[in-house]
Amino acid sequence: MLFKNTYNEFVKILAKPRSYLGIGALTLLILVILFAMKADGKSFISFVTASFEQTLSFNGNILNGNLIAFIILQMLIVHIPLLVSLVTGDLISGEAAMGTIRMLATKPISRSQIVLSKFIAGAVYTLILTIWLGFLALVVGKWLFGSGDLIVLNSDGLVILKEQDILWRYGCSFAVAYLALLTISTLSICLSVFAENSIGPIVTTMAIIILFTIIGSLDVSVFDSIKPFLFTTHMASWRSFFEDPVPWSTIRNSVVILLAHNVLLVGIALYKFNKKDITS
Amino acid sequence: MNETQIIKVQHLAKNFGSFQAVKDVSFTVNKGDVFGFLGPNGAGKSTTIRCMLSLIQANHGNIELFGKDLRKHRNEILARVGSIIEKPDFYRYLSAEKNLEIFARISGKDVSKKEIAGMLDFVGLNGRNKDKVSGFSHGMKQRLGIAQTLLHQPDLIVLDEPTTGLDPQGIVEIRNLILRLKTEQNKTVILSSHQLSEIELISNRMVIINKGQSIIEGDVKELLNAQEMVVQLEVSDLEQSMLVLTTSFPKAIGKKINERILEVQLEKQQVPSLNRLLIEAGVDIHSMEPKRKLEDFFMKIIQS
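Read top to bottom, the protein sequences are chains A and B.
The first sequence begins at 3 in this note's numbering and counts up one residue at a time.
The second sequence begins at 2 in this note's numbering and counts up one residue at a time.
Since the hints were made in silico from the structure, they are not lab data.
Note that the structure is predicted; figures quoted are calculated from it, not measured.
There are no misleading hints in this set.
Pairwise CB distance ranges, derived in the manner of DEER restraints: (1) Thr215/A with Asn16/B: 36 to 44 Å; (2) Phe17/B with Tyr273/A: 15 to 23 Å; (3) Thr184/B with Gly101/A: 28 to 36 Å.
Every residue gets a Cβ at the ideal spot worked out from N, C-alpha and C, and that includes glycine.
Build the full structure now, drawing on both the sequences and the hints.
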């Protein structure tokens, strides 16, 4: 029954215009970045490398597909949660608003299975979005700008990664970025259980992300103890794969925190939905 | 539980915070019944039905369907039930056929595309299979709702206010559809309504609930055609009429409604005699309107 209802969820997601809105918006955003980089990428790069030019000499194709993919990931990781929650935040509350949740809950399928199918469908949608992001950023980026070594500027300075040492890093960073986006998907589905309309969970998800991001960026000691446990602190962990050496323990910690959030949020959603009186 | 009893609800109660939506509802539904669930708006009908379908968890009481406890055998029971609660809601962005496919997939039985097409034909939606539900009228959605309830060949069909919002033609169509379910498919149907006339036309048994309590349960014909009845008479001489009534029918109860109208409660077979005696006493009868006791009782409930 879980498999059958998950299939139903895919049918619904595929038929909803908002599902394509997210993918369309993502495509448009990436195309705009690619166009901007193609048109004026050299001045953008020289602005970044200007401070190093007195001590370093840059040769070769710096503005390559690997750097473009990195820039795109960095720029969009803030916006993609909105596109994810646009679809996942509607998965349960949208049914409540339409009244179809009544129809579902009177069928011989357990409430836990109804919720789990939503989580699975949300996870697959998020995966498709992440793969599409990776395809546009890396594959199209390389096609347009060619390949080359990757120069990354981080807090410790400039890191130069060899061309043949990059692909696995992207693979891992997309996996961790997916886990972060999955947490957003899980959060919005969990909030969706509590709501009777689609807008509430989407807005609340974004509000939580903004609030946690602000808390994470405030240099105030009172928040120091909670910062490591906020999922927003770990949303940019994908960047760690572009450090040399790779800080594996930091990444492992981030993965554990993000997984724990997912387990906790699924648990809350299951508990609440099983106890809920469906009066809509 | 008796083998013919499909539903047995005992002392059901449900609170929403401090509001007691259902206080004490008990009734039984037998196999093959078209069971009327009658009560004014806000009586607790929908809450009771939602409890029976496990949409809402009751605070007290027992619900048994097909001889099994709903809490322990939820999925097994729901596989044998088809329902529409208040109004059928569908995925507006999907076609009628796709909607039925979605609900069929989780109905607990394998339903083929041919069966779905047949069901759409049965409810009169043939040719609209591929149309999106967003373009359907309320009546069409209601018929699609009935198709959805019948897809998996349930033994019990629960219809909560199925004619609400329909035009007269739509009401007749739904009514005929329910009667076909009874006569052609021998289904057990629970039909909730706030209209006595609707229950009278379709149901063979019923329960009346009011303010969260079941008031009376029984055979519709017996309840509506009780031997004791109420007659309203518009007469030329009220005092003379009262005199005839008290002297000839000492057990009858007479009540003056106004200067010309007398309401009399007496046995059904005494009505012709009363009519004759009043005429013999020189009283002109301008109108005589029989009122059934249950109808009067139900009207009083609604008016209160």
